[in-house]
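Chemist: Given only the sequences and the hints, what does the whole structure look like? Please build it.
Listed in order, the protein sequences are those of chains L and Z. Per our numbering, residue 4 is the first one in the first sequence, and the count goes up by one each step. Per our numbering, residue 513 is the first one in the second sequence, and the count goes up by one each step.
No lab work stands behind these hints, which were simulated from the structure alone. Note that beta-carbon positions come from the ideal geometry of N, C-alpha and C, so glycine has one too.
With a straight-line Cα cutoff of 25 Å, these simulated BS3-like cross-link-like pairs (lysine-lysine) come out: (1) L:109 with L:165; (2) L:115 with L:165; (3) L:109 with L:163; (4) Z:537 with L:109; (5) L:5 with Z:537; (6) L:5 with Z:536; (7) L:50 with Z:560; (8) L:6 with Z:537; (9) L:115 with L:163; (10) Z:560 with L:37; (11) Z:560 with L:33; (12) Z:536 with L:6; (13) L:50 with L:37.
What follows is a set of in silico ranges between Cβ atoms, one per label pair, in the way DEER data are often shown: (14) Z:531 with L:74: 39 to 45 Å; (15) L:177 with Z:536: 47 to 53 Å; (16) L:116 with Z:558: 34 to 40 Å; (17) Z:526 with L:31: 18 to 24 Å; (18) Z:516 with L:31: 18 to 24 Å; (19) Z:523 with L:36: 19 to 25 Å; (20) Z:536 with L:8: 18 to 24 Å; (21) L:46 with Z:516: 32 to 38 Å; (22) L:117 with Z:536: 25 to 31 Å; (23) L:162 with Z:516: 44 to 50 Å; (24) L:111 with Z:536: 23 to 29 Å.
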Amino acid sequence: MKKFVAALLTFTVAFFIFSLLYDSQSFFPKYGEKDLNNTISQRYLEKNTDETRPYPESGSANIVTSVVVNYRGFDTLGELTVLFISAMGVALLLNVGKERIVFRVKPNFILKAGVRIITGIILIVGIYIFVHGHLTPGGGFPGGAMIASSVLLMYISDDKFKEKMKAFNVLEGTSGVLVIVLGLIGLFAFNSFLYNFLPSGEIGHLFSAGLTPILYVLIGLKVGSELSNIIGNFLTQGGEE
Amino acid sequence: MIETIGVIIGFIMILFALMAIESKKLLNSIIFLSMTSLLSVVEFIIMKAPDVAITQAVIGSGLMTSLFVFTLMTMKKSGEK
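Modeler: If you want it as structure tokens, here you go:
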């Protein structure tokens with residue numbers, strides 16, 4: 004009875020939302036029928052990828068990247084801070100020690116052999132995604148998460164595997180500091196935080212878009228090492244260091 | 513044509529989400545949840561948002577699923593020593 008009432012409530016709310024959204028008088032256009040020519044996003048598209056301009060504003064082929072890293076770079080720094088605080092919270096709250104948790108189910112042979120093949124491929128794809136973040140879809144966050152998932156696979160397959168926590172901490176700290184230093188250079192020399200001061204180059208090349216690929220590589224390294232640290236902290240126990 | 517496929521996938525997603533809530537075994541529940549986010553990747557691609565699709569594929573159906581499975585492997589049943 005309780006489930007029936009819950010389902011009825013959900014469907015009623017869904018019906019009202021959809022009937023209001025797709026009303027003929029509403030301002031919300033139907034999917035695929037929005038006219039983009041008069042909106043502000045068209046202006047950003049023209050500024051970025053117009054090849055007749057002598058200097059395209061950010062020069063990255065992927066417009067989402069230039070929005071995320073150039074126009075809203077400060078937001079991305081805030082997201083990194085949120086991730087850093089959550090990683091720190093996991094490390095502080097869990098009783099993190101040296102001893103590794105051993106699973107009840109032993110990893111079998113197929114898992115071990117498969118992981119040995121697939122980990123390298125996942126690592127390479129992750130690195131590719133954040134190096135080419137300004138050319139193809141993807142970027143720092145998915146690339147870093149891919150690196151962390153390969154670390155996770157190593158943990159699942161190998162009972163004795165333990166990552167080098169110190170190296171990841173150093174990598175995370177260095178890349179975070181470098182992002183802020185690059186932003187401060189822009190602030191003091193060019194009057195805006197994270198200003199894209201390198202030459203933007205030709206659209207579509209690997210070395211283009213100025214500061215964007217460098218920032219994305221740093222973000223990817225930071226996210227990857229942070230998520231790997233979280234996974235490592237989840238799987239250790241024992242109070243004494 | 514492509515909108516019809518999107519609507520069908522949406523209904524299958526609702527079905528999988530209900531099954532994830534209702535299933536008795538925790539492992540089945542995790543797999544149904546993973547199926548839901550995998551289908552949402554297809555939906556994002558239909559809506560022409562490949563960036564979001566990649567992020568959803570990696571985090572939603574890759575990392576979260578393995579973390580859930582992982583936690584389930586370390587957990588013990590109540591009463592078991």
